[in-house]
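Got chain W; can you put chain R on it based on the hints?
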Amino acid sequence: MNWDDEEDSVFEQALRADLPTLAQQNRMRKRILAAGVAAGTALGSTTVAAATQASFGASALSKLSALSWPAKLGLTAALAAPVAGVALPLLHTPARTVASVGQRQPSATTASMGAARKAANSATPSAPLEAALEAAHEAPPGVQIEPAVEPSVSISAPRAPQLAANNTLKPVIAAAVTTLGTAPSAAPSAAPSAVSAFESIPHEAPPSAAEPARNGSTLSAETQLLDRAFAALAVNDRATAAALVAEHARRFPNGLLRQERERARARLTQELKGE
Amino acid sequence: MNAGALGRRAVLRPLPSAEPKAPVIDLAAVYEAHFRYVWRCLRSLGVRDSQLEDALQDVFIVVQRKLSAFDGKADLRTWLYAIALRIARKYRDRARREPASLEAAREHDPELPAAAEPSADSALESERLALAHRALASLDDEKREVFVFARVEQMSAPEIASVLGIPLNTVYSRLRAARLAFDAEVTRLRAGTRSRP
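Keeping their order, the protein sequence lines are chains W and R.
The working numbering puts the first residue of the first sequence at 1, with every later residue one more than the last.
The working numbering puts the first residue of the second sequence at 276, with every later residue one more than the last.
For reference, chain W alone in the conformation it holds in the complex (with noise of 0.2 Å):
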């Protein structure tokens, strides 16, 4: 059936024209960065909306292994962001990340999505944040639309230099993941400022390949792996995939990712199959 046959009445036409301002549309591009949804291919921006999603169950380790692909890889991109400038925009903003993961923290047990929503547009976006986000506006589709292997090009890449040569983002960015990795469930029901409470965590790397951690697993030594493994899928080397995958499951045979492991041998599979 073609609808254009029928009478088209004003108030269809009017409901047709209902798109946001331009200022609301901004407001939405600024909020979705600083969600992490939007920012490049999702590759570490998902940091934020995956990690404060977690923050709301029981056990943010535990919400953590059962989030997604894209969120746990996310997790490491946001670590390696300064040499892969990868999810600058939001490192550009750690007051507003730090921000939304501090005050959901003690949400777990008392604040509503939306008040935490609301602290998290409250807090003022960064200069470069903005600049960013214009930049990602204002580039034409061509530039602005790349493959996923190429995440950020428009947003990130212009600005790599000046995060490399920020020495402070990486620490409170590895702060806020070993956080979100060892959160208690119980947190504490005063939240102290957002950025204030990241200011008292240790500013040291998370633990390293070789430094197994408490679970028997890495949580960065494993996204690597896979990040690796799902790279070679994408442009299509099985063999280094078959190999990465191999080796996951020999270093974390009950690895934080071991579903992500699986998914990447049943893709290698079906590869196989379609060949």
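By construction, these hints were calculated from the structure, which means they are not laboratory data.
There is no bait here: all hints are sound.
As a list, the in silico EDC-like pairs of lysine to aspartate or glutamate whose alpha-carbon atoms are at most 20 Å apart: (1) W:K30 with R:D324; (2) W:K30 with R:E328; (3) W:K30 with R:D329; (4) R:K341 with W:E262; (5) R:K348 with W:E271.
Pairwise CB distance ranges, derived in the manner of DEER restraints: (6) W:A23 with R:E373: 27 to 37 Å; (7) W:Q270 with R:D396: 49 to 59 Å; (8) R:R372 with W:Q13: 32 to 42 Å; (9) W:A239 with R:R371: 51 to 61 Å; (10) R:G440 with W:L22: 28 to 38 Å; (11) R:K365 with W:R250: 37 to 47 Å.
So, partial list: chain R residues that the calculated Cβ filter (under 10 Å) puts toward chain W: (12) E307; (13) F310; (14) L327.
Every residue, glycine too, gets a C-beta built ideally from N, C-alpha and C.
Relative to chain W, chain R alone:
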């Protein structure tokens, strides 16, 4: 503007591989191409203004999680609207269960006149829009969803049937009933507006 066509052209790019693969889709591009229309869809489906941005964010969080599973066989816009529909239902249900939040949301209800209108033209458009939203709100959920997808989002009947999970004939009959109810409500509201002193 045809968001679906733009989105399909803009965000799908095949992998540089000899074998046919599912296209790689950039979430940022999907967001930029579609978020205005998803916002409109959510609003038309009954998400309160005060919750629209929350709902929009929820939609794209779901999109972010599931985008890797999107194989490109279905229309991306239809896929997005299916997600938006579920989120809108959730928000509608929540508003109905929580009188306090409903009350708060009414502060931003589209049936209330906009705070500031700079010109007579925009005032007229705003009035029409408010009236259209009131008429939409008078429809039951089933009619409203079909009406919004068909008349506002300009989806085809098979697409609507796919998103709503209903038979094609039901789409047609439900839309017919929805349009009658919508027009009747618009007429009633306009008569009420004119009769005001």
